[in-house]
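Participant: Residue numbers (the numbering used here), protein chains in the order written: chain A, 1 to 166; chain B, 1001 to 1277.
It is worth saying that the hints were derived from the structure and are not from the lab.
Beta carbons: idealized from backbone N, C-alpha and C, even for Gly.
Misleading hints may appear alongside valid ones.
[Unchecked claim] Take a look, some chain A residues computed to stay more than 12 Å from chain B by CB distance:
| id | residue |
| --- | --- |
| 1 | CYS17 |
| 2 | ASN22 |
| 3 | ARG40 |
| 4 | LEU41 |
| 5 | ARG53 |
| 6 | CYS54 |
| 7 | ALA65 |
| 8 | LYS66 |
| 9 | ILE75 |
| 10 | GLN138 |
| 11 | THR140 |
[Stated by the list, open to error] Beyond 12 Å from chain B on every Cβ pair, some chain A residues (computed):
| id | residue |
| --- | --- |
| 12 | SER1 |
| 13 | THR76 |
| 14 | SER83 |
| 15 | ILE92 |
| 16 | ASP106 |
[To be verified] When the alpha-carbon atoms are kept at most 25 Å apart in a straight line, the in silico DMTMM-like pairs for lysine to aspartate or glutamate are as follows:
| id | chain 1 | residue 1 | chain 2 | residue 2 |
| --- | --- | --- | --- | --- |
| 17 | B | LYS1162 | B | GLU1182 |
| 18 | B | LYS1065 | A | GLU3 |
| 19 | B | LYS1197 | B | ASP1124 |
| 20 | A | LYS66 | B | ASP1233 |
| 21 | A | LYS155 | B | ASP1233 |
| 22 | B | LYS1237 | A | ASP56 |
| 23 | B | LYS1095 | B | ASP1124 |
| 24 | B | LYS1261 | A | ASP44 |
| 25 | B | LYS1065 | A | GLU158 |
| 26 | A | LYS28 | A | GLU148 |
| 27 | B | LYS1237 | A | GLU148 |
| 28 | B | LYS1237 | A | ASP31 |
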Amino acid sequence: SSELFTLTYGALVTQLCKDYENDEDVNKQLDRMGYNIGVRLIEDFLARSNVGRCHDFRETADVIAKVAFKMYLGITPSITNWSPAGDEFSLILENNPLVDFVELPDNHSSLIYSNLLCGVLRGALEMVQMAVDVKFVQDTLKGDGVTEIRMRFIKRIEDNLPAGEE
Amino acid sequence: MGEGPINMLCTVPSPPQPQYRRMGWSRITCSGLPRWSNQGGRGTWKPETASNGAMAIFSVYVVNKAGGLIYQLDNYAPRAEAEKTFSYPLDLLLKLHDERVLVAFGQRDGIRVGHAVLSINGVDVNGKYTADGKEVLEYLGNPANYPVSIRFGRPRLTSNEKLMLASMFHSLFAIGSQLSPELGSSGIEMLETDTFKLHCFQTLTGIKFVVLADPRQGGIDSLLRKIYEIYSDFALKNPFYSLEMPIRVQPRCELFDQNLKLALEVAEKAGTFGPGS
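Assemble the whole structure, with the sequences as input and the hints as a guide.
Facilitator: Below, the structure is given as structure tokens:
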């Protein structure tokens, strides 16, 4: 069941809030933890899902939304708001399992509660040679209708390419 | 070992090869129920039993992105060794090579060129020195020490040698993809010799899983995927394991070891894995 997961995540965030007292620091920590999860999760994902290398950002977006999110969180976000250059898109999550039953108090208004997800995506993509920038632009916890994650492709990481990948 | 025709492995149902008695084809599916090819009911896949039985997968190497060896497992039965008593003078020509005493000439009775001196009079030698610190060649040059009983055998690779070979393979793998006349080729996926086949699988993140097996052993592709899964489970999900570091040493990932050995046994017996097993 996902209750334990939601509770665990909640305990993690509140403990970080106590430890750091400053919302910005908590956000950074969540991102860093997410990054450490992402670099490991990518291997599990590749081992189980057998997807091949993505050749452009659109394919990447599809795989993230339809395969990865489904596999790990059980939800399928929709992909919208492509930039004209095709290097930015948004993931719209109707419901976010991390924030079930959560209400953000007023004194934590700049806390990005689910920032772990941003780190996970960033870390995972970095291991497959893609540098991306991931951030939340809408959050149901802050009163928005949906949760929106904006992903921007920065560049392809050329150093340390595995052999055979040009 | 190594004489005679090359046995080509056959995977998916195909006519029986003259070299093995193949009575059926077993395949383990994810439901756990084996399916058998129709040979009148139950059948098993029996390779021609070599002298060392079912040890068809010889070793597994895991190489990280930088070419460093992070895991190694040897699964073969001890090589043929020959122990003989000799009198002076020795009719084999021995030479010193790489800190070991090897047979340079004089192949006979199971002792072949390239075999190393493993023990003298029952006491294991230490490289080029005997256990009591005397030089082996000196000792064997002295007629007073005869008759002497020497054990010869194929020398095992030291772990330093394995590290070196792994990084060498890493570079050759990259060269393989560049030498290819086709654009966008992968690196070396398989290397075949008379006595073994080397299979390599590189993940999208740059980690290589290398398996050396009997040329007749099938199902190595799925074994490689299975090893990838085992790696992502027992190594990566262990929070105390740091990425790119040797797996066995520090911290201990015993479960990775155990599960890998299990996977090798299943692969040797079944010949292949079903999807999602």
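Participant: Against this structure, judge whether each hint is valid.
Facilitator: Okay, the hints, checked on the actual structure:
no.	hint	in the structure
1	CYS17	22 Å, holds
2	ASN22	26 Å, holds
3	ARG40	4 Å, violated
4	LEU41	8 Å, violated
5	ARG53	6 Å, violated
6	CYS54	9 Å, violated
7	ALA65	18 Å, holds
8	LYS66	18 Å, holds
9	ILE75	22 Å, holds
10	GLN138	31 Å, holds
11	THR140	30 Å, holds
12	SER1	20 Å, holds
13	THR76	21 Å, holds
14	SER83	25 Å, holds
15	ILE92	27 Å, holds
16	ASP106	35 Å, holds
17	B:LYS1162 <-> B:GLU1182	31 Å, violated
18	B:LYS1065 <-> A:GLU3	38 Å, violated
19	B:LYS1197 <-> B:ASP1124	31 Å, violated
20	A:LYS66 <-> B:ASP1233	22 Å, holds
21	A:LYS155 <-> B:ASP1233	30 Å, violated
22	B:LYS1237 <-> A:ASP56	29 Å, violated
23	B:LYS1095 <-> B:ASP1124	18 Å, holds
24	B:LYS1261 <-> A:ASP44	20 Å, holds
25	B:LYS1065 <-> A:GLU158	13 Å, holds
26	A:LYS28 <-> A:GLU148	19 Å, holds
27	B:LYS1237 <-> A:GLU148	29 Å, violated
28	B:LYS1237 <-> A:ASP31	19 Å, holds
Comparing the model with each numbered hint stated earlier shows that hints 3, 4, 5, 6, 17, 18, 19, 21, 22, 27 do not hold.
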